[in-house]
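Keeping their order, the protein sequence lines are chains H and L. Taking the working numbering, the leading residue of the first sequence gets 1, the next gets one more, and so forth. Taking the working numbering, the leading residue of the second sequence gets 1001, the next gets one more, and so forth.
Source of the hints: derived by calculation from the structure; they are not laboratory data. Accuracy of the hints is not assured; some may be wrong.
With a straight-line Cα cutoff of 30 Å, these simulated DSSO-like cross-link-like pairs (lysine-lysine) come out [as the list claims (entries may be wrong)]:
#: 1; chain 1: H; residue 1: 92; chain 2: L; residue 2: 1423
#: 2; chain 1: L; residue 1: 1520; chain 2: H; residue 2: 115
#: 3; chain 1: H; residue 1: 92; chain 2: L; residue 2: 1094
#: 4; chain 1: H; residue 1: 447; chain 2: L; residue 2: 1417
#: 5; chain 1: H; residue 1: 92; chain 2: H; residue 2: 82
#: 6; chain 1: L; residue 1: 1417; chain 2: L; residue 2: 1520
#: 7; chain 1: H; residue 1: 92; chain 2: L; residue 2: 1520
#: 8; chain 1: H; residue 1: 447; chain 2: H; residue 2: 82
#: 9; chain 1: H; residue 1: 447; chain 2: H; residue 2: 92
#: 10; chain 1: H; residue 1: 172; chain 2: H; residue 2: 423
#: 11; chain 1: H; residue 1: 92; chain 2: H; residue 2: 115
#: 12; chain 1: H; residue 1: 82; chain 2: L; residue 2: 1417
#: 13; chain 1: H; residue 1: 371; chain 2: H; residue 2: 172
#: 14; chain 1: L; residue 1: 1520; chain 2: L; residue 2: 1423
#: 15; chain 1: H; residue 1: 115; chain 2: H; residue 2: 82
#: 16; chain 1: L; residue 1: 1423; chain 2: H; residue 2: 115
#: 17; chain 1: H; residue 1: 115; chain 2: H; residue 2: 447
#: 18; chain 1: H; residue 1: 82; chain 2: L; residue 2: 1094
#: 19; chain 1: H; residue 1: 115; chain 2: L; residue 2: 1417
#: 20; chain 1: L; residue 1: 1520; chain 2: H; residue 2: 82
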Amino acid sequence: MRRYALFFLLALVLAAPFVLRPLTGRRATPAPAEALRLVIITAHQEGIRREFAQAFDQWHRRQHGAAVTIDYLNYGGSDIEKVFRDRAPSFKVLGTYQIDLAWGGGDYLFDSRLKSLGCLEPVDLSVVDPDAGSPGGVYPAAELAGVPLYDRGRPPSWFGAALSSFGIVYNKDVCRHLQVELPRTWSDLADPRWDGWVILADPTRSSSAKQVYMIIVERAMADAVAQGRSEDEGWARGMGLIRQIAANARLFTDSSSVVPIQVSTGDAGAGMAIDFYGRSQSDVAGEQRMSYVEPAEATAITPDPIALVRGAPQRELAIRFMRFVLSETGQRLWNARPGSAGGPRQTSLRRLPIRRSVYENPAYLADFVDKANPFQTAGAFNKSARRQGTQVILGELIQFACIDPLRELRQTRRLILRSPQAKRLDAQLGMFPFDQREALRRARQWKEATETVRLELGRAWAAQFRAEYAALRQEAGP
Amino acid sequence: MKRTAVQYGLLGLMLAIFGVCLLWPIYQVLRVGFTGVDGGGFTLSYLGAVFQDPVLRRGLINSAWIAVCVTLLCMLMAVPLAVLSVRYDFTGKKLMGGLLLVPLILPPFVGAIGMRQIMGRMGALSSLAGHLGWVEPGTPVDWLGTAPLVGVVLVEALSLYPIIYLNVAAALANLDPAMEQAAANLGAPRATIFRRITLPLMRPGLLAGGTIVLIWSFTELGTPLMFDFTEVTAVQIFQRITQVSISPLPYALVVVMLLVSILLYVLGRLVLGRRHDTAVTKASTPAAPRQLRGWRALAALAPFVLVSGLALLPHLGVVLTSFSSPLRWYQSVLPSVWTGANYAAALTHDLALPSVANSMTFAAISMVIDLALGLLIAWLVVRSSVRGRALLDALAMVPLAVPGLVLAFGYLAISVKLDLWFKDVPSVRPWVNVQQNPMLLLVIAYAMRRLPYVVRSAVAGLQQTPVDLEMAARNLGASGWRTLRRITVPLIAANLIAGGLLAFAFAMLEVSDSLILAQKQAWWPMTKAIYELFQRLMDGPYIAAALGVWAMAVLTLTLLAANALLGRRLGAVFRV
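Isolated chain H (complex conformation):
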């Protein structure tokens, strides 16, 4: 008898969600069988994917009389590159990646990785922006504070669809416990009192994290030049600062969204975060507990692109989607309040639109959740392509210097700070053992190396850092 009761209970539990679903009153509009399908590979979170899919479907039904469903391939930034690499052999044979669009993941991913892979199809600006060239177009200016809003190539391979910046999220209760001031800028995180409380993202697995590290280094280079020193030396200082921050790190995480999550639960005290991650999580946690700050003059506003993929099976439809995303209707979705006219249905997306004209319309602005206007606040920090030469190897350098030997690095800094020569030794740790010129040389070496050689190079570089830490520990004394 008991046996049957168990089986019955099991069947009941299995069926429960399907039975209860209609009772919640919300019914998903079933996609009609003849709906067009678009395939988009994207790093965007679920809320963004859902809201844009619904809005585009609605828009497309009105404009073109046909429904559209979107099949998303959801990957983190670095994995997107991997997908294209993995499909390259079948692209050679079939002429298609079976993907229509690439969307989100940061401008570095599109500009330096996907573009050089040759998987993006350039299209004229006028194709995606009917108002191109006029003041009401998407990009009245091609750049913002030195940062291109769409690809410099003519025709462009990618187009900025939203704006992002980077900052620090921090937990105020932890700050109180550690008796530190609320962090304002990157170097605050190098304060030894943060030991074991910082959470960082792994730049080899998160392309947004790599951008943050690059900004820190560029800031240091700009500072060096302002103080009459060389950029190369500034580079070494910037990397050294990253090391000192890493010495406070509890761990390096694979996904950049984990940073604000762990800060909100108090498992970490501070970390580097993308603006919309930081803001939205702080919202839910409450200002009392958690906040997000953008380091003054040490952050950059960068575009988050969308691009047409070569050999797109639904090329025309893909271009329509790009036009939609860049249109005022699409752009308002990023920042408008859910439920407002022109806003998302359910989820607040907390992103900054890239289309200038939406900031100039008071009716739109009234509905925006974040009142910031990046076109007014930008200009504090100029990124420069010239300074980003090492970005291609930044991830690996941080991996060999900080991530793999994290335990030794942390131990080293602790010993250094306890020794009588703390100041001198910490300054040494805060300076990378080689400068930008050497780093560029190593970047070329890495690029040209086969995998066997890379293994050896990696081993050698890692050993060099380990030896450096051992020497510092020796000097620091028992």
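Chain H is fixed; fit chain L onto it per the hints.
What follows is chain L alone, placed relative to chain H:
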């Protein structure tokens, strides 16, 4: 003659299936470990590089330590519990005995949601410590971070001990009491009887469970990930394989991990000594359990309560999280704001219900495949006399030793190859292209991964069923197929159903294959949906918890049903 031809034909078919569905994906991954990504010649340099890298060496050492400590700890916990359970009767034994098995079923990262809330720096335990005055209220305590290896060992031991418990309990139950009675008659004290008679007779059960736990904890990915403890081989593989720069190093690491696992498996079989299909002396009369009362009954119940309580802590955490308002369980022992909204969101979320439906579909189909294949394999191994059935038996157990990641990436590589081979066959292509429709490969992956459970269950059933009835049917003129259908299957029905249920339940919450093979959202199984939600900001982890609770309910009921069907014989499913 004909019968032997049929048997060899079936053997050949099974070996072919294993070749394509199991060995080929493993080969894909191994190939890179020995020849590199660019397909150079065979070389051991990548394997060498693994041992020369201090980070990877440390990972291997940590993994080995974890495996050994977990196994020993499991034995320490499981043996007394099994002895108490088999030898004595006391109030609450049945319930606690059932609860003891529940830890088997929770996938690690679902438990992570719960553990994080309870053992996080500002979590429930820290808050409790503040209330009790152990620390200043509001002080964060780093339970998980200070000695992550200890944490990993404890959590893994608390989730794997049921395997040893089941095996030892089964062995004890089958023990002929005559031997112990003889020893007692000769004047041996109880401790000596236990040490010299009971323990050695228990050894097969102990070591069978022990081998599985050893290999499982050596290759376990989810628990160290939960603790952000990355200096462990499985995590290092996972991290490196998903890195962009394609390096052969993780593949070489996989080879090393496989070799160690195979070594452990072989050692386990050797130490076990004789094979399972020789007759085991079953007790003519099973020893009657002694009734305990009063304080003795309580004393016997206590370890059950303690162990179950600790083991169910992550589960409890998940349940509480699912009822907590997002980010409202912070610096408090219990959530400060309760809500049912997470369940409503889980029901209406576009990710949730379709993924549940997907999981159920894939799991059901793979269960049917497993039952068919498992029965055939078990029959060949136990009843037939073909040469090579030991190989078949070993092959059927290989999925237990191979880390899920390895198979998953192997299937991915195969999908790419098949897509190219069938590029001109539009009817076949969608099925082999994992990007368009991963169902075929996911179902095969699930079926292969869970096959060992059904095989072991069916083998145990066949071993315990006398062959006489089948022989009588054959004598009366029934064909082999008819005998199988009308005699064998009904006799081992309980084993098959239980094995099938377990295969279904474990397939529902399969992690690695689901994470890697299901790419388009429409095809996501439940584990991928939970994983995605867990990394989502705001209310994501809480909706994931709600889904996790539902999954736990399904799996608990499945396990209880299997337990009700098999009772003590459930241990046979987890034997090597």
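Which numbered hints fail | 3 and 18
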